[in-house]
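Colleague: Protein chains in written order, with our numbering: chain A, 1 to 554; chain B, 555 to 803.
There could be a bad hint or two in this list.
DSS-like cross-link-like pairs, simulated, lysine-lysine; straight-line CA separation at most 30 Å [claimed, not checked]:
1. A/K27 to B/K633
2. A/K488 to A/K428
3. A/K53 to B/K757
4. B/K714 to A/K47
5. B/K716 to A/K53
6. A/K112 to A/K157
7. B/K722 to A/K47
8. B/K757 to B/K722
9. A/K309 to B/K782
10. B/K722 to A/K53
Stretch by stretch, here's where chain A covers chain B in the computed footprint (C-beta under 8 Å, at least three residues) [stated by the list, open to error]:
11. 571-580
12. 752-760
It should be emphasised that the hints constitute simulated quantities derived from the structure, not laboratory data.
Built from N, CA and C at the ideal position, the CB exists for glycine as well.
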Amino acid sequence: MKVTRRDLLVWSAGAAAGLVVTPVPWKILDDVSIWSQNWPWIPQPAKGPVEVKQSACTLCPNGCGLRVRMAGGCPVGLSGVNTNPVSRGALCPLGFGAHQLNWHPRRLRNVKHRGNISSWSEASAAFAKAAREGPIVIVDGHPGRSASSVLENFAEKWGGGYRVAMGPETRSLAPYELWSGVPATSLGYDLENTQTIVSFGAPLLDGWGIPGRFPRLWAERAASMNDPQLRIVQADPSLSRTAARAWQWLQVREGSESALAAGLVRALLEQNLVPAHGAIPLATISEAANETGLSADRIRELARTIVAKPPVLAVSPDFNPAVAALNVVLGAVGARGGIVRSSDRTKKYSSVAGAISNVRAVVIDSSVPWDFAAKSDAEVFRFAAWDGGSSKGDWLLPAPGFLEESTDISTPPAYPVETYAVAANLAKPTFEVQTAARFLANLDASAGTPETILHSRCEQLFRSRSGTLYGQTITPMTEIASTQELEKHLWDGAVWVGERCSAKLACELKEWPSASPSSRAGNWTQPWLAPVLPPLASKLYIESNLRGTPGRTV
Amino acid sequence: MSARYGMVIDLDRCIGCGSCMVACAAENNVPALQQATVRTGLTPIVVRTVSNGQEGAARRETFIPIMCMHCEHDTPCVKVCPQQAVEVDRATGIVMQMPQRCLGCRYCMTACPYHARYFNWWDPAWPAGMEKSLNPGIAVRMRGVVEKCNLCHARLHTAKEKAAAAAKREIDPTDYVPACVEACPTSAIHFGNLADANDPVAKESRSPEAFRLLARLGTEPKVYYKSKEAWVRDLAETNSAPRPEVKHG
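Chain B extracted, bound-state conformation (with noise of 0.2 Å):
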């Protein structure tokens, strides 16, 4: 049976810590390079910080991570992409990106609503030593291709090769959890199989709180978020992506 891949991403529990940002670059050997800024560094996933625009006691905010959106419906990146570096498993849901097939032409990133790809300008580089703390089970990110959140494929591929060794044909659910859910230390980030009725994750979907982000755009994203609060909801229709608010302290 095939799956369907998506989060829900409850924003009242998330406090802003930044440990799936962090969680995210070790484990897809992401490079730190001293050159790299908002607008070119390489972050698979980003939490922003959104206020409702009030000041003073009356100022809310929440702070939201995003990440490849991974729609399944008229994919944006995938109807642009020239080579066919982008496609949609079929058996997961996941939307996949080659970089063997990607010429760097970023289409796709300029297609994409969410700002939630990224080009990848630099080789590699750490300082000397550092590359013998590099997750052995994912190459390191080749330059001049674009790069976005694959829902830690490589971990659905350890998954899959326990499953069986052990003659099973299904992975147990356990053993597959991307490194932003395993990090975020209140449990904001919900991972599951949406296209089982009785996973929580699908159930949660169907919450009145769950919304997702452009969704009049009808590329019915696999990303879904959570909030109690009316104006964090009334966000997810606005035109641009949550704008990043500088924040000292």
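The shape of chain A in the complex, shown without the other chains (with noise of 0.2 Å):
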């Protein structure tokens, strides 16, 4: 049979159309792209047995506790502990998606001189040098754990100084402590008992403090109720997270809380609301009222407010000596409700916010938050576990990142109680890590090692037979029958916590304390800048409106 061309032609559109009704090229395409979405290098997850270890989180000092999900070695799922009565069941945002910051592509994972990679040994034989020249310091962000004992060991040892980048928490209590002497790290409030809050810009639901401490407290006594039984008066400038959810909130000018908390001092002794104090402000009302934009009427309503339901407790979220002043004169200081002592040490703190002058090295742990930065012309060797761009070493060393440290964690920031935890290492890092402590004990063994101090430390704590231990089951310390049995709990991610403090605390406010400016609240991000955010993070303010981007935040 002869084949024409025009045989070829018909062949070849007949076969088009009836390619097209046949289900072939679609069941091709279907399998293309079906295929095409599986690509054997498309990551997978990890393979392997799943199991569940408590431990506690390590972001910040407030050391949430953590139930990490691990599979194939490695925390593949975080959520909280129902059980810790600290952070009651609650993370941070950050803290649920925390267990991708250890493969961070800004991890830290060679020890860095100036921008170039260099190695451990030349960080040492530097480091070495420049102490022996001296003088030295230390700053550290998490004081009281069993590593900050090594760093003050080894800063005491060496005639250096030990110096603490307290958070905003803390620099809110410091006000008390030069006024009563009892040390700001030895305070707390006592959110529990009180029963109205007076907050001047404190985010209180935004991250302040412990994630899930306040929060709790606020969704049980006081959401969504008509009559709450814990009230909050939130003054802030523009409707915060914690305004939109606040009894009352005031629209105060900005940078007006000093003169807010002046005004309230005034119409209380007005109106009789307090009894009589010797340090009285010098504003009136009137110069009050100018200054925060509300009225006269409006202020002297709002002091009747608040001391209608004590206790009574005025929050800032920094350093604001006008506010503690108001505290002292509503009677909260030392009371129930109000700022308490949580232990009974005396033991004071050097902080670190003014300049570092007159010394050869300053140590920077990797405790202290990103956007510090020494205010010193000294050799600055800065432990991190990411390298945010920010930190401005002449060494960058990498630490260990996130649960691949075994660290012991004490009382929380601001937090009315003592309590001791342990977080143990359930990563393992896949390059060369060191932590400040074990750098500096390498140098000098007689400053002690994390380990035995940890040990040390529990061996007092079942000495004292005091407090309690929440870990699977609630277990009073005259219950535990050994040292070895307290360590086993707390590795198992128990966490224990004290009596209250029975020591007095009190106050003479012998004049008013100048005004001082203004702080800027901050929340959960505040310790972290982009873009060691963990990625997770990014669904907050990239894939999302809730929130502007951390540059913007913080």
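Build the complex: two chains, separate frames, hints provided.
Modeller: As structure tokens, this is what we get:
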């Protein structure tokens, strides 16, 4: 049979038309689509048995109870521990994605000296030389840990200084330290027993203090109640998250918090709502009204409102002596539902707020937040797990990442009772990392090691026989048989909570403090700066409109 | 007995922290891609901020978590899907999305009155090594298909396996809790079986303060909201989804 050009064209056209009505091309297209959706190089979850362990979060000093799902030796999911009395089962939004941080592209994997890759031996030699020439200053972000004791011991033995970068909650307690002599780190807010809180811009529901503490308390005692058991009066220039949920929102002018506190004291004294007090503010109610934008009558009414449901507590987001003085006038210092002593420790820490001058070297522990830059011309040894680009260190030294280090966690800032927990190293670092404490202990073993100090602290706790252990069960310390048993509970994720401190706290306010500049309210992104947020946090500020980008948020 | 899983979200308790969004993404292996935006990202639950429209001291705001409403009746996405990739599970009431069947036509996204569906534009990707942190109980999200909340269905499987291992026919309700419910620090999201009249969530859904978004459409969503504020309840019948407001700080 002769095949003509016309036959070929007819056959081709028929084949093309036939192909369209058969399922073959669509099936092939579908299969190619499915096949290409499952390329072999598309990441797949790790295989391996899944187990659940308990630990404590180390992203910030609060040490929230952590339930860690592990697969193939890696943390694959985090959630809160409901039995933890401190965090009460909650985590901050960053905590839920924290297990990704160890693989963050900005993870610091090499020792760096002024931007160039160096080695641990060179860093060690450089620090040994600097320490011999001295003096040195060591900066810590989470005081009270066993590792902190090593840093402190080293500084003491080598004639250096030990400074602490205090968080905003601790700084807000600093005025009471000045007036009572009790260190701010031994003070706390008794939020659980207060009935009215006057917040001068403190983001109580947006990351102030322990993420689960106040939101849980508010949810139980105030949320969606017409007459809440816990009244929040929020003074904020704009409708913040806390203001949106407060019992009353006072729209005040930016930076007028001190004036409002002074005006309230005047109104309280004028209406005999509190006992007469020696120190009174110079400003009148009218002057306070002018500065805050509220009317004088509104300030008087506010004074009556806040004392209607005692105990009353005033809270500032950061250092603000006027707000602290208002608490003194309200009788909230040393009283139930006010400012209380969390422990009878009297040891004070030097703050690192000012410039560090006349020193040879500064060591910055990885617990110090990213936005801290040492005001010093000394050689800076900055320990960090992530290279946030803002630490300005001569030496950048890779520190253990999230859950890569065994550490203990002492009382969270501004918590009213002492606590103690241990975070086990559940993840293994894949490159050489060192903590500042280990680095210094290698140079001088007499400074001690975190492990030995942790063990001795457990012995002390066991001998004290006070407090309660919150783990799988609630166990009074009197029922713990040995230090080893206590340590085992702590390593398994239990938290020790002490008794309420009975030591007295009294403040003497000789004169009304001068106004201090207002501070910006921080939230849980404060210790972090882009790009070292957990990648999933981008859901909050890139893939939704819930928050501004971190650079603008902090 | 078949269940009808649903939620009651108390908007007066929501503080807009976003923990539910991050916990959901971590649980379901949703990647955080640099190219993703508000429109193109994959956010099975997203918290919107809405206001009463006033300014100054009269302004009020609330936060509304929006996810798949798991419509029970005339489910719009089910009706339009040409691939039968969406169905309402008879045993649970969960609107299930089967990515292997989905051809990515996005009719369901157009049909959904709640804008609760997302097209997955890209292959999942993580920085090197980060795949080790993925949840082993969930597959990674496929490119080219539509995604949405499935009430953490994998957790229901785990609860069923646990019940089966204990020779029980019914799961323990405490074993099946979606990630967003577990993460909420103020317990604003309540989850339970709406078909069980004694379930606290079923009782709460009958509260005078409870409402559903666009209830007039008659799709019988199984996600209820609750608020004492009349202006918040009035939002439920506005024609568009709550419009996000860009907030900084």
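Colleague: Going through the numbered hints above, which ones does this structure break? Give me the numbers in ascending order.
Modeller: 3 and 12
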